[in-house]
Amino acid sequence: MNTFAPETQVRPTEPPRAVRYLTPLAAGIAATGVIGLAGPVGPLWGTLVGLVTFGALFWADITRRILDAGILVAAGIAGMSYFDWVLAGRSGPIDFKLSLIAAVGWVVYGAGTGFVIHRAQPSYRRTIIGAQAVAWGGGATLALFTATAMGVLAPLNARQISNGDIQELTIGLFIVTGLAAAGVGLGANFSFATRLPSLFASGLVLVVSVMAYNEIKFSTAAIATQLGRIGEIADDFWPPVWKWPKSLGQPDTFNIIEPFIETLQIAIIGAVTGNLLALPLAFYASRMTAPSNVAYRIAKGFLNVVRTIPDLVWGIFFATAVGFGNPFAGALAMIMFSLAIMAKLLSETVDAIDIGPLEAGRAAGARHTQVIQYGAFPQVKPNYVAYALYIFELNIRASVVIGFVGAGGIGRLLNERRNFFQWDQVMAIVLVIFVSVLLIEWFSIWARRKLV
Amino acid sequence: MGSIEFTNTSVTYPGGLVALKDVSLSIDEGEFVVVVGLSGAGKSTMLRAINGLVPVSGSVMVDGREVVGASQSELRAIRSDVGMIFQTFNLVNRSRVVNNALMGRLSKIPRWRSLLGLWPAEDKEIALQSLERVNIVEKAYVRASDLSGGQQQRVGIARALAQEPQIILADEPVASLDPVTSHMVMRDLQRINRDLGITTLINLHFLDLARQYGRRLIGLNDGRVVFDGDIADVDDEVFRGIYGRAITPDDLLD
Chain A
0 MNTFAPETQV
10 RPTEPPRAVR
20 YLTPLAAGIA
30 ATGVIGLAGP
40 VGPLWGTLVG
50 LVTFGALFWA
60 DITRRILDAG
70 ILVAAGIAGM
80 SYFDWVLAGR
90 SGPIDFKLSL
100 IAAVGWVVYG
110 AGTGFVIHRA
120 QPSYRRTIIG
130 AQAVAWGGGA
140 TLALFTATAM
150 GVLAPLNARQ
160 ISNGDIQELT
170 IGLFIVTGLA
180 AAGVGLGANF
190 SFATRLPSLF
200 ASGLVLVVSV
210 MAYNEIKFST
220 AAIATQLGRI
230 GEIADDFWPP
240 VWKWPKSLGQ
250 PDTFNIIEPF
260 IETLQIAIIG
270 AVTGNLLALP
280 LAFYASRMTA
290 PSNVAYRIAK
300 GFLNVVRTIP
310 DLVWGIFFAT
320 AVGFGNPFAG
330 ALAMIMFSLA
340 IMAKLLSETV
350 DAIDIGPLEA
360 GRAAGARHTQ
370 VIQYGAFPQV
380 KPNYVAYALY
390 IFELNIRASV
400 VIGFVGAGGI
410 GRLLNERRNF
420 FQWDQVMAIV
430 LVIFVSVLLI
440 EWFSIWARRK
450 LV
Chain B
0 MGSIEFTNTS
10 VTYPGGLVAL
20 KDVSLSIDEG
30 EFVVVVGLSG
40 AGKSTMLRAI
50 NGLVPVSGSV
60 MVDGREVVGA
70 SQSELRAIRS
80 DVGMIFQTFN
90 LVNRSRVVNN
100 ALMGRLSKIP
110 RWRSLLGLWP
120 AEDKEIALQS
130 LERVNIVEKA
140 YVRASDLSGG
150 QQQRVGIARA
160 LAQEPQIILA
170 DEPVASLDPV
180 TSHMVMRDLQ
190 RINRDLGITT
200 LINLHFLDLA
210 RQYGRRLIGL
220 NDGRVVFDGD
230 IADVDDEVFR
240 GIYGRAITPD
250 DLLD
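Top line first, the protein sequences correspond to chains A and B.
Numbering that gives the first Met the number 0 applies: residue 0 is where the first sequence begins, and numbers increase by one.
Numbering that gives the first Met the number 0 applies: residue 0 is where the second sequence begins, and numbers increase by one.
No lab work stands behind these hints, which were simulated from the structure alone.
On a predicted model such as this, the values are computed, not experimentally measured, just so you know.
Misleading hints may appear alongside valid ones.
In silico DSS-like cross-links for lysine-lysine, where the CA-CA straight-line distance does not exceed 30 Å [what the hints assert, rightly or not]:
{"hint": "1", "chain 1": "A", "residue 1": "Lys-380", "chain 2": "B", "residue 2": "Lys-107"}
{"hint": "2", "chain 1": "B", "residue 1": "Lys-123", "chain 2": "B", "residue 2": "Lys-138"}
{"hint": "3", "chain 1": "B", "residue 1": "Lys-123", "chain 2": "B", "residue 2": "Lys-107"}
{"hint": "4", "chain 1": "A", "residue 1": "Lys-299", "chain 2": "A", "residue 2": "Lys-242"}
{"hint": "5", "chain 1": "B", "residue 1": "Lys-138", "chain 2": "A", "residue 2": "Lys-380"}
{"hint": "6", "chain 1": "A", "residue 1": "Lys-343", "chain 2": "A", "residue 2": "Lys-299"}
{"hint": "7", "chain 1": "B", "residue 1": "Lys-107", "chain 2": "B", "residue 2": "Lys-138"}
{"hint": "8", "chain 1": "A", "residue 1": "Lys-449", "chain 2": "B", "residue 2": "Lys-138"}
{"hint": "9", "chain 1": "A", "residue 1": "Lys-343", "chain 2": "A", "residue 2": "Lys-242"}
{"hint": "10", "chain 1": "A", "residue 1": "Lys-299", "chain 2": "A", "residue 2": "Lys-96"}
{"hint": "11", "chain 1": "A", "residue 1": "Lys-449", "chain 2": "A", "residue 2": "Lys-380"}
{"hint": "12", "chain 1": "A", "residue 1": "Lys-380", "chain 2": "B", "residue 2": "Lys-20"}
Coverage of chain B stretches by chain A, computed from C-beta distances (three or more under 8 Å per stretch; other residues unrestricted) [what the hints assert, rightly or not]:
{"hint": "13", "segment": "21 to 30"}
{"hint": "14", "segment": "76 to 89"}
{"hint": "15", "segment": "110 to 120"}
Glycine included, each C-beta is placed from N, C-alpha and C at the ideal position.
The following block holds chain B by itself, in its conformation from the complex (with noise of 0.2 Å):
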């Protein structure tokens, strides 16, 4: 449970834009992998091929089943065992905490419950040990908009934790934050990966950050693999084949 194989994947945007191309490469279950790029290079149309939120063609298979042209509820029951955390978190900043993980069950339960808000006691459970997981469940009645930032970003991930996923995806998710924070939210995902196994694909801009918290690292460059391989592989060399051109602080974090 987890897997995911893309087979000769590519991605073109109604513009005419392809962000992806031809890109074939396995991830294993539990598998904690990084992807680095310059910004443009389709590291996040990489993750959102993977839960079909973008046009892609070829093939990419989630735990055995095709994401390139599934149905409708294919898709869903996909995504549901998808979950997916945000660089701008993509709360409902009128809700409160709660109701934001309970977004992450919507999927499990039926519809005549979602459209009451009759939420089953399961559910609500679920959400309120997602948020436990990271530390925010005493502000689980607070509303999103009044929490700091890395706060919000928690409770992104106790969003996602709320579905119970097989695979987590991570949008540049520190890349709103601070440095201590931003330590902070990797860490947690790291933990989640390591004690839950799920596996977790992380967009990241910054290469300390990847070369820190990453085991497999994967190299974007104009939507292309260029370079794929363990983390403890990696050094300044590869990474200008990466982005082309030399390290600079602004690459850096801390």
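Chain A with its partners taken away, still in its complex shape (with noise of 0.2 Å):
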């Protein structure tokens, strides 16, 4: 019989959303936005990094309460004034005793935020305040020795540290750490113990993908005598130089990284920011969602225009605009790209969903922005994953090419050393972006398999 009878019904409890375990990573990113910004350093960055990331645990409905607000703003206040005590005025080499030194303010930061996770919602295993905490020390320790071996740091060791330095210190450490702490948040809220491998995988993909640049000065030789039997012109391109004037008779040596750097910005800014904006976009251009005629009509002719032009034209006509050499002007070109192909993707998913769940919306009084939201996205969102991660791809060898017209990034150094017949340095330059392109695609392919 089927009575209605309340007391006797169990709710269950509502499970974490998998979003939430990316809670941290989200934390240290936006983080890195504010402090890039404001540029504190010590007490008042530890205050901030405290808020932000309760700001991103509110967002993620882990936490709620005031309390909680203060644990994180002490955590972050003692890890980063610790921080800032240990580098602050130092001078010589952070070699990897020092590393480890300074990121126990991560550590300490690390286990507050894990402590809170762990408060608030006792769903997450306790395992998860050590898993932060170690995820975010070890990251910090890893990034700050893997950096200043590869030589990135290298004009620090030169010098006392400022402040100045410590803030970009800090910026590159949120990123690199909170894509480890992520990862073992997924980790330690399932098995600790049989994610292990996954979790160290997720925390080391960027610092092997660092080492696996200075890998390659190893198998020189090896790779020396193969090129030798094909021809004279091997000898102009080998061995690659990787340092050279940045002009000509000044000591300033010229760094591949930085430009490459300038890639991968422009790809990532032009991936997001077309990707995000696409979105809106495409449920105009699919008559399925479309508010009205009017509106699918002009959707579908701007990004008919968008596409028919070439991401080369797009970097063209941006270089122009904002200035030659300019990765602004990529960044603006790899958007265009990016919400061409995004839009068109997404919209013909939309064409197919089934419109049961609009109509319903719809019955129930929603808005037209609610009942695409609750009714039409998710339908759509794997598929908005996977076209994502793959427009990612696309463009990073996009982002290179389109630095040949002007638009900045790596490929704006490739067509300058080419243009001066640096054989061995373009060889270089073109190693790195060989190494890169193919560990993204990787990294790509894993991620859509784990997502969708």
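The two chains are supplied separately, each in an independent frame; assemble them into the complex guided by the hints.
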């Protein structure tokens, strides 16, 4: 018999959403953005870090308690002040030992985050406290040490470390350790032991990609003999030259990593912004979800125009508009490139959704945007994630190419060295591009399999 | 609260098809009305005229509010008081059961909250209570696609209940279900009507279900009302008048 008797029914507890495991990463990246804008160090910094982390946890529905905000701010202040205190004014190499000592500040912050997550939601295992601490501390140590080893921090070794340096260090460390912490958050909630390999994998992806660059030096001889057989041209290309003067007669040397990171940034900005902008557009460009026929025509027409213009032409256009060699031009070109592909793919996916839920939403008095967000978007979400990762892959390659037409990044450097017939320098650049594209593609395929 | 008044109501679809022809009748608060008729007789159209999902002319008053010529925001206000249940359930299959129920609360919360997905605790509570009312709360955090047909329809009912509606419109709610679950869903609807006093209109295909659960029966034929009266007065002759032929076993569920 089907009678109404609430007292006999047991309400299950709400399981945490998958997105919540990524909250430490979201907090880290958000904190990076805030710090990048404000630029304070020490206690003020720690306060910001704590508050931003609390904001992310609040948004993810993990905690809404003010006391937790206090705990996070305290952990942030303690951790960041310590980090500041260890490094400020110090001169000399940042070796493994110093990296380890400085990273204790990050352990404190990580433990605080883990403690709050566990306190607010006991369904998160207690191991998350240690796991977060290890991830933030370990990530910071590894990132500091490898960055020093590969020469990115080399200038710091020769002079006193200033507040500005610590700020830059922290920005980098948030990204690296945030990835590791998110991985650990993911793992700790299921089974810490069985997930251990995948935690390390996610944390080490960045470190490995950095080391691969150094590894290449050791295989020079083997590849050189192969190339020697091909012909004389190979002699021009080999061995690659990793460093050259920035301009004639100056002691300053050029670092490939800087323009390469610029290329990565162009690709990331392009993919993230383009994919976000494409989201509403895709729903306008599908008959299923367009608010009106006029809106549909306008969206469709706009996308047709954007899509028919090749990425190289966008690059030339924006380079002319905002300045030759300006990475901002590249980012704008990549935004248009990503937007066009995503809106096309997604709107065609939306064409095939079940309209039943949309009718149900309308019948319940929901607004058009709510109907789309709650009735249509969940139906295409897995496709959206898969397309986004695919477009990020495309962006890496495309953003190298558009550098040739003056849109910034490593492509600009490649073109410049080519014009000077510096084939050995070109070779170094090509190697860096090759390895990183491969790694990113591998990561993307792995992530798509995990997420979809 | 919960009254409906049709006055010379017609529905003409963009293609020129007139699906509802000059209907005038009124339904009082708390009534349990069954609408029967052949497919194409205008049953679904009549229900959708009440919440303005079809192009309607004449006059339809819902709780004293006019549907014909209402602005978008007026229509939304009317719809938010009218829950609807569908033959094919119309759930978001990839979303959780509780999120489907929460769709009934969308019209009640501010836009920024729905955009960020920050549901107020009381709305979540209403959604969970709606699920409790149809005995499906233990599946609250399961994906809708993982439920059986009968369970999915109960989620559909919970979504309508989450609106805290004055009126419930059920468009062939059991046509996709087996006989046993059909009876369970019909009893759910009957109980909700009795316990909460929500005016309920149900389109039904099966005559025996109509007889068993209905109190007032409206018969439609080719867009016109051919019968409107107490279910007790309905005999085989009346059914023949609605269907234009004698009852066959296909018209019965059990």
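When the hints from earlier in the document are held up against this structure, which numbers fail? 4, 9, 10, 12, 13
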